[in-house]
Structures are given as structure tokens and as C-alpha cells.
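Engineer: Chain by chain, the residues:
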Amino acid sequence: MTPAKDDEARTYPDGRLLSHQPLWQRDFPTDVPEDDHVARREFVKFLVLTSGAFAVGQCWIAAASALREKGPLPRTRIATVAELEVRRVVEFRYPDEHEPCLALCLGPGRYVAYGQKCTHLACAVVPHLDRGELHCPCHNGYFEVNDGRPVAGPPRRPLPLVRLEIEGGAVFATGVELRTV
Amino acid sequence: MKPILTRRQIDTIYAGMFCVVGLLVVLQLWLLTATMNAFMGGDDSVVWPAAAASFGCLVVNLWMLRRLVYLQRAED
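Taken in order, these protein sequences are the chains called V and L.
Residues 26 to 206 (our numbering) make up the first sequence, in order.
Residues 73 to 148 (our numbering) make up the second sequence, in order.
These are computed hints drawn from the structure, not numbers from a lab.
Take the hints with a grain of salt, since some may be wrong.
Listed below are several chain L residues computed to face chain V (Cβ distance under 8 Å; list not exhaustive) [to be verified]: (1) THR84; (2) LEU103; (3) ALA110; (4) GLY114; (5) LEU134; (6) ASP148.
Note that beta-carbon positions come from the ideal geometry of N, C-alpha and C, so glycine has one too.
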């Protein structure tokens, strides 16, 4: 291949002219400063596009926040006290069929309930009351059984806390508290 | 009359733009992850201020893009 006249004016990483470059470089004559120049310019354009995508994402969160239901949740009977004392763990769904939850008996008269979806990627957590923890088997996340806070693994947020009320020997779920810390 | 910029000067301007735009995009990424975490945790108080800040970053970036296109046309 015979280099064009303009090729001699191009610069290369080692500063030598094209005629002094190795054969492969002559076959692929890249002008490095020119390449850098265009790459930088195009990358800035791509970054602005990414910036737009992030702004759209923020708007999506804002819209989801505005549409999120904030009214009081229903009062739902989930188990009897005797049942919870005997079984120690009762599964239930609250506030709707798509939200699995766990009610736990930590001792006589000590009841807590959490959402069962791990706050990392929504796998179901498994209670290990003897070890005082809730374990997510997907990525080995651990939550403290007393307050549902993460103690190990990828989860950073506590499990949603389901508020309980005891009345007439029955346990009722009355609300869900989402938490960040 | 506006001075004609050399290729090297334009290159430096592009590098500066790249730094500013890159910094703002990283800031937006942090805002998005922090807001998502707060939203998933039931805290809606930061959602709208974060959206406004992210939108502000986008406006600055679009202004930068406009200048970049202007420079590119001047080159051509």
C-alpha cells in the first residue's frame, strides 16, 4: 500500500513518520491525536445521553412516589396467640397476596413480624430462631431476628416491619413500616 | 472578531468539558442510587429534591453539549 501524501503529516505514538513505522502500522495508519480528539468529543455526547437517562430514572421514582398508596392498611387477623406460641413461625400475606410475611414468636409474649422478601433482591428469607437470625439463601444475607436489621451479606436495608396487635387471643397485622436504617 | 482556536486548544476544551460532564453524571448516578434506596425504604422526602438536582445536572450537561456542537461546527 502506498501512503497518501497527507499520511506523512500524521503523528504516531513514537513520534516518527509513517515511512519509519513498522509494516502493520502502515497497513492501519491511525492518527492518534485525531482519534483521541474524535473519541473524546463523541464520549462527551454519550455521557450527556447517560445523564438524560439518569434524569428520566429520577422522574420515574418521583412518579412512583406520587402514585404510592399512603392510606391506612387493613387490619387482618393472621393467627391465634396459641398457634404462634406453638409453631413459633407463622407465614401470612399482608397487605395483599403478593407480600409474604413471617410472624415470629421470640419468647412468651414477644411477637414480631417482618416482610419475607429480602431487601437485596427479594428472595424469601428463612428464619433460624435458634441462631437468632433470618437468612436469605440467594446471596447469603443475614438479618437480626429481634429487629429485622441486616447484619451480614449484601442487604443494606432492614426487612419491612409489620405492626402487630393482640386482641382476644388473636394476632392482627395493622400496618407495614418500611425502613432505611 | 472571535479568535480562531487551534486544534490543541479545542482538544483542551473538550477535555475540560469531559471532566465537568463526567463529574455531573457520576453525581447523578449517586443521586439515583441513594434516592432509590430511600424510596424502597419508604422515605419519600428526598425524591423530589433529588429529581430537581438531577434535572439541573441534565440542563448543565445539555448546555455543555450545545457548546460542544458549536465547537464541532466551528472545526468543520
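Engineer: Compare the structure with each hint and give your call.
Structural biologist: Hints, one by one, checked against the model:
1. THR84: The hint is violated - L:THR84 has no Cβ within 8 Å of chain V, the shortest such distance being about 10 Å.
2. LEU103: holds, 7 Å
3. ALA110: The hint holds - L:ALA110 has a Cβ within 8 Å of chain V, the shortest such distance being about 6 Å.
4. GLY114: Result: holds, 3 Å to nearest chain V Cβ.
5. LEU134: Hint holds; L:LEU134 Cβ to chain V Cβ min 7 Å, cut 8 Å.
6. ASP148: violated, 12 Å
Comparing the model with each earlier hint shows violations of hints 1 and 6; every other hint is respected.
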